[in-house]
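Student: Quick note on this note's numbering: the sequence shown kicks off at 58 and runs consecutively.
Derived by calculation from the structure, the hints in this document are not laboratory data. Any given hint could turn out to be false.
Listed next, with one range per pair, are the computed distances between beta-carbon atoms [to be verified]:
id: 1; residue 1: M687; residue 2: E278; range: 43 to 53 angstroms
id: 2; residue 1: G303; residue 2: V218; range: 55 to 65 angstroms
id: 3; residue 1: A565; residue 2: L652; range: 35 to 45 angstroms
Each computed BS3-like pair below joins lysine-lysine, with the alpha-carbon atoms no more than 27 angstroms apart [what the hints assert, rightly or not]:
id: 4; residue 1: K434; residue 2: K459
id: 5; residue 1: K471; residue 2: K300
id: 6; residue 1: K128; residue 2: K237
All figures in this text were calculated on a predicted structure; none of them were measured in a lab. Note that CB positions come from ideal geometry on N, CA and C, so glycine has one too.
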Amino acid sequence: MSETNDNNASKEYSGKSLTVLEGLEAVRKRPGMYIGTTSIEGLHHLVWEIVDNSIDEALAGYANHISIEMKPDNVISITDNGRGIPVDIVEKTGKSGVETVLTILHAGGKFGGENSGYKVAGGLHGVGATVVNALSSWLECTVYKEGREYFIRFESGGHVVAPLKDIGPTKLRGTKITFKPDPTIFTESTEFDYDVIKDHIKQMAFLNRGLKISLIDHRIEPLKEVTFYYEGGISEYVRDLNKNKGPLFTEVFYCEGDGVAIIPVMNETDGSMSTKEGRVEIEAAVQYNATSYESMYSFCNNIRTSEGGFHEDGFMMALTRELKNYAEEKKNFVLKEESNKNKRTYSYDPKEPFRQEDVKEGLVAIVSVRHPNPQYKGQTKNKLGNEEVRAIASQVIGPKLKDFLQENPDAASKICIKVLNAQRARIAADKAREAIRKGSIELTTLPGKLADCSSTDPVKCELFIVEGNSAGGSAKNARNREFQAILPLRGKILNVEKATQEKVFDNAEIGSIITAIGSGYGNIFDLEKARYHKVIIMTDADVDGSHISVLLLTLFYRFMKPLIEAGYIYIAQPPLYKVTYHQKDYYAYNDDQLLEIKKQLNLKDGYPTQRYKGLGEMDADQLKETTMDMDNRKLLQVTMERAEEADRVFTDLMGDEVDPRRDFIINNARFVKNLDT
Numbered sequence: 058m059s060e061t062n063d064n065n066a067s068k069e070y071s072g073k074s075l076t077v078l079e080g081l082e083a084v085r086k087r088p089g090m091y092i093g094t095t096s097i098e099g100l101h102h103l104v105w106e107i108v109d110n111s112i113d114e115a116l117a118g119y120a121n122h123i124s125i126e127m128k129p130d131n132v133i134s135i136t137d138n139g140r141g142i143p144v145d146i147v148e149k150t151g152k153s154g155v156e157t158v159l160t161i162l163h164a165g166g167k168f169g170g171e172n173s174g175y176k177v178a179g180g181l182h183g184v185g186a187t188v189v190n191a192l193s194s195w196l197e198c199t200v201y202k203e204g205r206e207y208f209i210r211f212e213s214g215g216h217v218v219a220p221l222k223d224i225g226p227t228k229l230r231g232t233k234i235t236f237k238p239d240p241t242i243f244t245e246s247t248e249f250d251y252d253v254i255k256d257h258i259k260q261m262a263f264l265n266r267g268l269k270i271s272l273i274d275h276r277i278e279p280l281k282e283v284t285f286y287y288e289g290g291i292s293e294y295v296r297d298l299n300k301n302k303g304p305l306f307t308e309v310f311y312c313e314g315d316g317v318a319i320i321p322v323m324n325e326t327d328g329s330m331s332t333k334e335g336r337v338e339i340e341a342a343v344q345y346n347a348t349s350y351e352s353m354y355s356f357c358n359n360i361r362t363s364e365g366g367f368h369e370d371g372f373m374m375a376l377t378r379e380l381k382n383y384a385e386e387k388k389n390f391v392l393k394e395e396s397n398k399n400k401r402t403y404s405y406d407p408k409e410p411f412r413q414e415d416v417k418e419g420l421v422a423i424v425s426v427r428h429p430n431p432q433y434k435g436q437t438k439n440k441l442g443n444e445e446v447r448a449i450a451s452q453v454i455g456p457k458l459k460d461f462l463q464e465n466p467d468a469a470s471k472i473c474i475k476v477l478n479a480q481r482a483r484i485a486a487d488k489a490r491e492a493i494r495k496g497s498i499e500l501t502t503l504p505g506k507l508a509d510c511s512s513t514d515p516v517k518c519e520l521f522i523v524e525g526n527s528a529g530g531s532a533k534n535a536r537n538r539e540f541q542a543i544l545p546l547r548g549k550i551l552n553v554e555k556a557t558q559e560k561v562f563d564n565a566e567i568g569s570i571i572t573a574i575g576s577g578y579g580n581i582f583d584l585e586k587a588r589y590h591k592v593i594i595m596t597d598a599d600v601d602g603s604h605i606s607v608l609l610l611t612l613f614y615r616f617m618k619p620l621i622e623a624g625y626i627y628i629a630q631p632p633l634y635k636v637t638y639h640q641k642d643y644y645a646y647n648d649d650q651l652l653e654i655k656k657q658l659n660l661k662d663g664y665p666t667q668r669y670k671g672l673g674e675m676d677a678d679q680l681k682e683t684t685m686d687m688d689n690r691k692l693l694q695v696t697m698e699r700a701e702e703a704d705r706v707f708t709d710l711m712g713d714e715v716d717p718r719r720d721f722i723i724n725n726a727r728f729v730k731n732l733d734t
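Work out the full structure: start from the sequences and follow the hints.
Tutor: Next up, the structure:
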């Protein structure tokens, strides 16, 4: 052992070095550990936690109505008509049930013990309400229970300032929680988004048929109010998702059932563990449409499992197996044109069995499981890890899907023809697939027009996809050759929302993009092979440029979605205006900035201002200074916070249906500025 000098002694690691955080201090110190982020997404996560607790009351059979009220000063209130949080004293804490639930982590009725109040739960098992309290400036809870009304108030991150009080008699029942997020925690914003909350509760209403969920926004006059209630549950969910995608048939396949799982149980007296049988409930709904992509959403206890899991695996096993068996039995399928004069026969070849990727084309499906002891992979609950669910899902869904195909031969025939077409497109695209695979590995086959960077570290490397050769030339001269690559496009790429997969990969521009990025596409996409961790769309600030951006985003969303999910896709923000004053250039990115610049420079009305119509109007120095230099540029990162809404927008804007596109333009026209004429 070496001797310790005086300087090292001052850095001694002893008991004095340890910090003990009391109560809810740990939550306030590390909020990201509990809600993922303190951004806008984390802010809304507070709402989801309280709503989830109310939905758990509905799942247990005690509530049928939840109301969310958005109030001035960033206050939100959630009310349900369930049993009400217990108000009697909890022996272990010496506090009322309400105070225990709202101030002590991992305290609640969702741990699966013998006296548990819940069979299944979506909330964070006794963490959710406590975390919301910890991260709020103040929180009030009103409980309506057994004919009495009770009230308690907390401030400054969970400190009781008004102890639980019996207010008096009431005819109501349930729980009302009102809180104001702490702006010292949520420094980005504490303003709740009406549309984000509306989309979330609409999804929850679909997943819990017969549950009414209301949203009222008191912040504006007149107030906005909407109520969601779906007797058809996830069947109506599928119809809603398929609304503008050209459903192949009117029927929606729906099934439900359950199976047995072995779950751990804790003895609440001595803490010992044992096991018992628990019921796992499965629901699934399916319909096909005319598009070439799939939209499958899976859930466990109302929690979205965005990365799938064993419930999705079991569903796809059953769907692929039953469609293959049906096709082998029927062998031939006849497609009738609208005129009923032309007919085309499709034949199934047992030597070329259906694959899951064939079955997914045009599929819209919801898979929902309720599990008494769900295990998730990762802290964000994005993938279900209970292996027994795969067999249960397959066994529940398979036989009922077989019956559906036999009882609905017209729908079954259309599905099989759809899958056969997808199969043929896949086989026809094999050569293009291999070329793209090869191109993503061999540098010598990169697109000839790609001006690549010298660095091979994808974390540092950026790919600018630039509209037009003129702007591409300026960008090549403006770039930092070490880490910035340039890929110029020749005009607008193909609209992949309308095209078949075969046509997509016959398109030279799309092939160049996929090859340059190097990750592949669709089912052969590998994010780890991405050659750039910033893919930047750089187009003109006009209508054509916006259209090209949307076409590119549609390509990334439909065929390379993990790039968006990983945060690799960006949109460059070139300036709209340049003002030259005393031989110095000032750039404005919108009308408000232009007015501010003129005000600061004390310029008179009519002072000459250059309005950029395109990137080609900038020389290399200007393009570098305003749009490409890391110290000065403005980039918008494309995120996937609302995947379902993104799917709907791409369908409405880029699909075949005219009416949804017209409605979108009408509803959003008031937000448009600088529209080129």
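Student: With reference to the structure, classify each hint as holding or not holding.
Tutor: Here is what the structure says about each hint:
{"no.": "1", "hint": "M687 / E278: 43 to 53 angstroms", "verdict": "holds (45 angstroms)"}
{"no.": "2", "hint": "G303 / V218: 55 to 65 angstroms", "verdict": "holds (58 angstroms)"}
{"no.": "3", "hint": "A565 / L652: 35 to 45 angstroms", "verdict": "holds (44 angstroms)"}
{"no.": "4", "hint": "K434 / K459", "verdict": "violated (32 angstroms)"}
{"no.": "5", "hint": "K471 / K300", "verdict": "holds (18 angstroms)"}
{"no.": "6", "hint": "K128 / K237", "verdict": "holds (10 angstroms)"}
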